[in-house]
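**Student:** The lines below spell out each chain.
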Amino acid sequence: MAQQNLAPTLLIGLGGTGKDVLLRIRRLFYERVGRDGMGTLGYPIIGYLLLDTDEQKLDDLAGESLPPFVGRSIRFTRGENVPEAIICGITPNEFNEYFSGGYQTFPHIFRWMPSEMSRLTSIALSNGAGQNRLFGRLAFFRHYRTIRNTIEAKLDQLLKNAADPTHRQRWLPPGMEVDLNRIEVMIVYSLAGGTGAGMFLDVGMLAREIISKRFQGTPYITHYAVLPEAMTSAGGPLISEEQKAKVRENAYACLLEMEYFAQRKEGLFDLSIPPKPKVTDFEGGLEPIYEVEWERDNPIPIYEPPWNACYLIGSSNDPLVGSPQPYHVIYQMIAEHIFLDFDLSDFGREKRSARSNLEDQLQLLYKQEVFDEEARPLFPRFSSRRFSAFGMAQLRFDRDRMRRAAGHRLASLLLKYWSRESDLRPSIIDQYAREDLGIPKDRKLATQFTPTLLRTEQGSDRQVVRLAFEAIYQRLAQKGMSPDDTWGNLIRSEHQKFLGQIESGEFSFREDALLEWKNRHINQLKPTNPGDMERAGIGEALRTSSQNRDRLQTEIEGRLERLFYHRISALGLRDAYKLFEQYSSLLQEENQMAESEQNRSSGLTGDWLERLREAHRLPMGFSRSAVRIESRNAVNAVLREISNYYRKMFSGDIRRCLGLAQQRFTKDPRMDGSYTGVIMRFFDGLKMAQDYLEARFRELSDRDEGLRTAKLAPEMISKKIGRVTALIDQQSEETYDVMIAAALGSQNINQVDWADIESKVLTELSSSGDRRLGGVNSLPDLVLRYSPLNTAKNAPPSAFDEFARELATACEAILRNKFAGNRTALEEYHRQPDQDKLLDNLRTYSAPYLRRNQAVNVDDANVNTKQLLGLARYDSTDAQRFIADLRRSGDRDPLTLAGMQPLNMNDDAIILYREKAGIPLCYYAELDDLGRLYDRSTRIREAHFDYAYLQGRLPEIRVIDRSKQPKLINSLELTLFGIMTQRITCDFDYDDQTKRKFKFCPIGGLEHPLGGHLEEVVRRLAEQERYRNNLSEEVVDWLGGKGTDQNGLLLAVLWAALRVFQDELLERVQAIVDRNPSKAERQGEHPLLKILRDRMIRKVRQRLENLNGGIDHIKPLLEWEEILKDRDQTRANKQKARENWNNYVKGTFRLLNHDDLPIPVILQPNPGFNTSIIKNKGTVS
Amino acid sequence: MPLIRWVLIATCLMVIFPQLCLACSHENTNSIFNWARCWCLPRFIIWIIASVVIFFVSHTWLFPYLLEQDRPNRIWPKTAMGWTLAIGWFGVCLTFVAIFGWISDELRPTPKGSSGLIPGFPGLDSHIVWIGILMIVGLGGGFMITRLFRSRRGSSNA
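Heads up: the protein sequence lines correspond to chains A and B, in order.
At position 986 of the first sequence the residue is numbered 986 (our numbering), and the sequence of numbers has no breaks.
Convert by adding 1181 to the 1-based position in the second sequence; the result is the number in our numbering.
Just chain B, same shape as in the assembly (with noise of 0.2 Å):
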């Protein structure tokens, strides 16, 4: 369920923004299962996988790994739980980009280098505003996540 919650959230939120959508740079490819295509229909798929692998590592060893620490200031559960979901949010902004920027050749080297805004890496140049609002978001919603996960009690001494 919190699976499929956000899921709608991202759908919603590329509905609202559109432009960021169509930042692609391979508009003339029209097939969306085209792996060329910017926003095709394996890259969402393999960014769902990953984001759900991302959500039940977090979940199953993350989570206990963070309150069985047995140590003076042992983490309360509720915000253990903020920082299970903010490093899930957070891997799955950094999944979203690995994957649409690196694949789309942004984030990839040119072998003979080049100049701009950051050398070697000439497609950043068009595509890093993007890049850093999706790093800001992902950054920013963990941070939200945990302050909004938070238990009340603080950190234990038990």
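One chain only, chain A, in its complex shape (with noise of 0.2 Å):
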């Protein structure tokens, strides 16, 4: 047995129901696995595509409403260059343009589209297509070369993902392959819908022709068709009775093409007239089953089925019978279905082996004998085994979901710990604001503060870059590269050398000394081209303040960047908000205070000199210490003067560097650039993800219970039925939380070290392969990474989503391996008190969901079922004791659990899946119901999908009924005697000839319509007994009434219409025979040539022998077959033969038609039969 690797695999679903199953599969795999790095839910092997025409409510799943946060993860995406859905809706414009232009401009549409569907309005289109298969059929058509190229691409990426082998060591474990030579196609559609049902078969086969023609691998197509019971059963969503019978004709007819493309059916023998042979039959080319036409002239033929494997799904089983299950619980089953193919235990690998291997099944054929009115074997009817039924019911608790739901749990309590309120009293702040800022309370005390913040992380407190004013006007006036050697500090030392020589009596009064040491220094500011500050042209000390300015704008910005990470480090997010809120208001008083500087006059015309010439004029003793105060008083003021001069013309620069480090703080979120608007940007992104991870948790911990109870009475819920059984109830924050804190190793939630739950968060989150959080080491990181400083946006509400996933992710590998770890499906089993019930549930959901006909041999239906139970450790003895339980509870089921195969799988779940390969289509229960509906359906050309093509060639699918089998045979002859003696008559429409209507015309009675194709009669004959005894009458009246005149004279023509229609299906039969010598061989004799030859041609002769002279009438017909039978005589008397054969019967009967109904309809005869009779009597040899 073949084990089974992954293998690269398309999902597509079609329609409604498509849609809502592989909804589901993506919110199985967002739960369970999340998203790969490539943004893939589940594995960058898998892709999705849904096509549907109802655009409306894309994102809802039936009987659920989903949280919208969920919504957003798992919706398709669209209007990408490769999409993940798309709209194939037809506007009425087009749809009229189509109709307008008809077979002449869409031949390859109109070759299959009824040209009166035009009735329908066209707004059904835009809005679904309203169960008409052919509205299906006609959106596949219109958007085929998007679904192509959008097929073609995702199967390229898919390729390229699994070919890329690092890509495959991010998600597939050791030991477990990719499968690249072969390619898996999935194709989840209901066969009630008109979008789904419509294109199945177009997606099938596109989908083979695409993988066929342009990849290596081989296509593995799966199908897994919705039968209609789910919608029309009570609790569906159809309620009108015309809609239930209008998709339950759908559904047949798509079950009938179904069997069609299953087997060929030209191959096989039935009571059908076979197709007229084609030229290339007898040049030994295969016929195609098909001949699609996706774009004008541009034909191409199919030869196999479009698909490997088709599960049919109904919505009971038959322990359940009487109980449809809701159709959401089957899309969930089908869902959990295609997910566990992906699962990487032993059960996921058997459970993907067990539909390649059990395709051998699939190829069988199977057999059901038509008996006579004597119970004598007709023939032999063959009916194909391509379908697969399944069902599967789980007993879990999924310790991976509550194990991810505590993740969420516990980001979203870190995120709470992030964005906890401020316990800082306002003076504290402001304490703190002024230690960072370098402002102190007391101004005069500027110079000797020091904030000790950034000396401990420097160094060295000669780089802190202060933000005070003065400490800004110091960091400016730097002269050189030595923090010491600034202007400041030169004209302070030349002040000092004054008054050291005013003091030591050296300085004696010299004006030119002041005003020279003034005028240097003004000089060194004074731009030489005062127009243009900027340029090369300004004076010394603006110049190299300028320099510094660029310098200390850096010094700044690391400065700030590191205050931004230290207090948020220190404080958290909301005292460092109120901090840098702080910073704002006194940066502004800084600011404001600069302002005055530069606003201030130039103060350049003291009174210094005058004041010394005065004391110098004092008479007597005066005048020495009036002049010496007065010198120390001019060095004093001139200093002053030199130093404002200098802050004033330092004033602008200065206020650009206040001006950056406050556009850094600033609150108006409006402004990017501000560490303030990034933390308040930041809160809102928190409140995001916030919501996010309380709804995810909330989702997650509901959904075992949301399982469970969903559309089920209280009743049963108390009892735990369900095909799904939740073993631990829905469990509440605060169990979470207790759990949460036990894993954690804290006694409470509320002791939990949240710092230390940080740290480990942000190591895991630096690891994650996200691209914003790679190397995230701090808190501060983390705010910048998602609210960026340099622009006023956050990051988008996605990023906040991915992010709240990521943090959820962390939070959950902390969690990893203490949550829950010591629980386990079975442990949880064993302690439930109803076990025998929990065993019951499992087997009856778990019996496969598509009833059985009680009228099919059970011996040959039940070919291959396959029983997989899935549980962790199956040889341990716990679980030895469950199989054993299970099978002793099974010993009661007629479906019995023997060959159940143990597999191991997650310790979390126990699955017990069971799965039915090669069932015929007559297997399924309702189909006699749904056959009767379609027998009388007056839409029956609008229910197929191309009815052109398929009338005559489709099969028969529904069980042979032994009470009405003799009655069907015996109304084929009745149908073809009242046919022939026109006792039953068929209108053409000459503009269709595809177009027809059988009608019984009794003689002095109303017509009745009797249905549109031949076998349509035959049923119909054969259920309506009164009318079979009124065309029985009739037909007994020609045969020995009108028949007998002249001898019989229309009984010879009847008898040689007969051998002509018997003529005709030789030669048909015989290109089916050198088709296919062996499948012949198997079958024995055609039905209807044994039903022409034993029952109606041996009948009309008998009667012909019983009249006088009635024989006489086909003798020489009689001689010239003998001559076309004997192998001794010559090609030319045969084909002289052959001509008087035709001539003597000439003109006394016409053929319904020479392609599909070659049934001879007897005219009047005309007088060369008799004549000829006369003529050619005694002249044969």
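Hints may contain errors.
Quick list of simulated restraints, FRET-style, between CB atoms [said to hold, decoys possible]:
id, chain 1, residue 1, chain 2, residue 2, range
1, B, Arg1252, A, Ser601, 17 to 27 Å
2, A, Arg617, B, Leu1320, 22 to 32 Å
3, A, Gly659, B, Arg1252, 29 to 39 Å
4, B, Arg1252, A, Arg617, 42 to 52 Å
Derived from the structure by calculation, the hints contain no laboratory data.
Ideal Cβ positions, reconstructed from N, Cα and C, are used throughout, including at glycine.
Mind docking these for me? Both chains are given alone in their own frames, and the hints should help you get the complex.
**Tutor:** And the structure:
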């Protein structure tokens, strides 16, 4: 038995059902696996494509209301280069264009689209195909090129991902391989609707065609066809009886077509008229099953059925008869079935293998004997067995999901920790702000103030950039590279020198010295080109100031960034935010100071010179002391003038520096570059992430309960009845908090060391593959990644969702192996009080969801049943006890569990999976009811996807009813007689030969319509005893009355017509035999020929023989037949005999048509028939 | 030198206004060294020494003090000198009144009290005129000095 590896897989959903199932698959992957690094839900070898004609409710799940965040996470991408969903709508204009163009313009469409479909409103197509299969198919044709390109691109991408070893390492466990030689396509749809049922065959054919032509791998196409009962049963979405009838007709038509594609019908014999052989048949070429023309003048022959495996899924199984499951439960089961195909355990591997290992079963045929009235076998009828069914039930508690829920809860609590309210007093905030910026309360102490913060970080307070006015001024006034070499220090040292000279008496009154001192410095500042301060002509001091400013701005940026990092790390986000607000206020005050400095007059007109002169002029001893004092005052005044001038000239640069710092702390959220804004925006983002996490947590923690309660009556919930039984009840937030605290080693959640959790989470985040989170070391890092400083916009909401997911994943990683790690599904099961009920549940709900027709032979139909039991460590004592219990409970079950294969899988679930492969369509219990509706339908042409081609080729798929079968054969005989004797007439539409109307016209009675094709007429007669009896009387009357006129002349014509019909059939059957000799040999004689020969021809001949002279009418014909049969006769003689035969019967009957209905219809015998007999009598030797 | 100049001025005034000098109530004391004599030498010596001290203090302390005041309207040097001299002049006058008035009982209160111009100071009834004149001279002279030695720049904003 082959062990099946994973293969690149494209999941295609068609219509509403396909959409729903695909969304559920995406949710399962999202919940249990998450997104991969490339954004794919699940694994990168899985692609999704939805084709739907209805754009509305594209993100909704039936029977459940998805939380918005889950909807966002799993919804299909549209409108991208390679979309996940294509809306195949057709606008009213396009619709009208098609129908006004008609066959002339769109022959490839109107080959199969009846023109009368234009009567249906085109509005139906813009909001779905409205249960009209042909509209679904029209939508596929309309969007064919887009669909084809998308499928090609998706397969390309999947193969590329599968072939890339670096991608594989990320998700593929050791020992698991990806099979690059196999390309899987899974198509999910409902047979009841319009879109899915209208395009599933085309999509299957297209997928096979693309893979065969463009890719190296072998296509393996699996169909999941949901049967209509889920839709039409009570509680289903369809309410009106008309709609229900329509979808049932559609479904039966689909099943007929599927059977047609499943077996090459031309190789099989039944009661239908074999198709006319084509010329190619005789050249040994294989006739295609179908020829599809998606684009005009580009026909593509189809040789294989559009699937390898096809699951038929009803709404209930045999044990559940009378209790159909809601359709969304069925959708969920299909989703889980597909999801488990990607399970990496032994169970998943075996499940994958089952499908391909059972493929041989699908090639077999199901044989039913058809008997005549005397219970003699008339012929064997063969049906394909290309269909499968499955059922799956689980007992689970889903630890992964609980852990994910706990991860989300922990992440949510961590976000609350990050958003915690401030508990610092305003005075402390002010103190911190002043320390950080170097702005003391007592401004006179500014120069002595040294913030400790950066001294410890930088190692030297020389590098501290304080953000007070004076501090910035000192840094701008730096003259050389040394921090001491500033213009301020130079001035001060010169000032001290002057004072020293004055005190020591060395300095006599020299105004020129002071003036020189002052002018020297003013000139350092004075722009040589006053109109352009920025150009090279500015004074030396100013030039150095500008250069220093550039350097200082970088330092300020760095300093502020360090403050941002330090304060958020030390105080948390809320306190840091308040602190930054305080920064903003303080910096505003400093900026106002700089502004007033800038606006102050230059102050260069001091009176120190006049005062000095006056002091000198004073009399007596006053002069000496006044000059000394005034000299000192003059030196101080000049110093102030120079300093003020420097401050004034530098204040522009100071303001720029302060402005930069202010900008970094502005509270205006529209401004970019603000750390305050960064935190504000990050809070907004945190809120989004918080909402996401809380809602996700609720969703995850409610899911078991949701699965159990959805659409179930309360008494069923209490009895734990359902396909999926939760082993653990819904857990409250408090319970989760207790479990999380225990996993983290704390008594309760309030005692958790959040700083430690933060550190661990950040470590986890930094190693995540997320682009934004790579290398994140601290909370401030995180803040800046999601709320960047250089833009006023946050990362998009999707990024915060992504962040929340990553955070939850990181938290989950912290809880790994600690949270609920000691619980297993088996242990939980053993704790349950009602174990027998659970076992019954498991068995009952896992039976394949296709109810068996009781008339079908069980031994023949149950060809192969695969039963897999997935549970962890199945060889353990507990597991063996469970298996024994399950087997014991199954002893009472008609669907025995013998052959059930236990397999290892995750320890949080026990899954019983049962699959039947090789099922014929007649196995389906509802088929007869569907067929009955179909037979009565007046819209059969609209129910089929290409009725023009399929009519006459469609097989009988229902089980043979032995009580009705003889009536069927009798009806066939009657029908043929009726047509030939014109008791049954057939009206043709001369514009469209496919439109026919058979009518029974009793003499003197009203016409009774009998259907549009031969098989239908036969079936209707078999069912309608009154018609059958009437027709039988009419035919018997004809045979015994009109037919016996002129010695049975018309009977003779009838005999000849039957012989001609027999010859035509022989020729056609011969072509089949030539093409399929082995198949023909197995089937024996063709039943129609047998009926013709043994019943009809024999009956007519007997009547002729019983009439006096009756046999004489056909004697020449018999003689010519002898010549034709005689092998010794020359070819010329045979040809002559054939010509005579033809001439003899010429004009006595006509064929209904020469293609699918070569049934002769008796005309009035021409005079020649009789004459010929006389004339030719005795001339034949 | 300035002190000598002031002494000469005072001597001239005494010669010009002998009545003022004869206002002393104890004319019967002839010894110039007798403290009780109105215009005795010790009183003059003390008065002169006090005047010197006053001017010295004004020059060495008051004048720099006024100049060094760091305030918006800092006083100009010449104005400061005027204020220094004016205060010195007023101090000298005040000292003269104190020495000559108080020691000669005019400004000394009687223990029992008495009625008169100023109760308790009966001596003032007869000497209030010259004391008043001297105080006016002191204040007026001081004012004149400040007006005389005033910088034309006025107050400074330096």
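**Student:** Run every hint past the structure and note whether it holds.
**Tutor:** The hints, checked one at a time:
Hint check: Arg1252 (chain B) to Ser601 (chain A), Cβ distance near 20 Å, so the stated range 17 to 27 Å holds. The given range of 22 to 32 Å is respected by Arg617 (chain A) and Leu1320 (chain B), whose C-beta atoms sit roughly 28 Å from each other. For the hinted restraint 29 to 39 Å between Gly659 (chain A) and Arg1252 (chain B), the CB-CB distance of approximately 35 Å keeps it satisfied. Distance hint check for Arg1252 (chain B) and Arg617 (chain A): the Cβ-Cβ separation is about 23 Å, which falls outside the suggested range of 42 to 52 Å.
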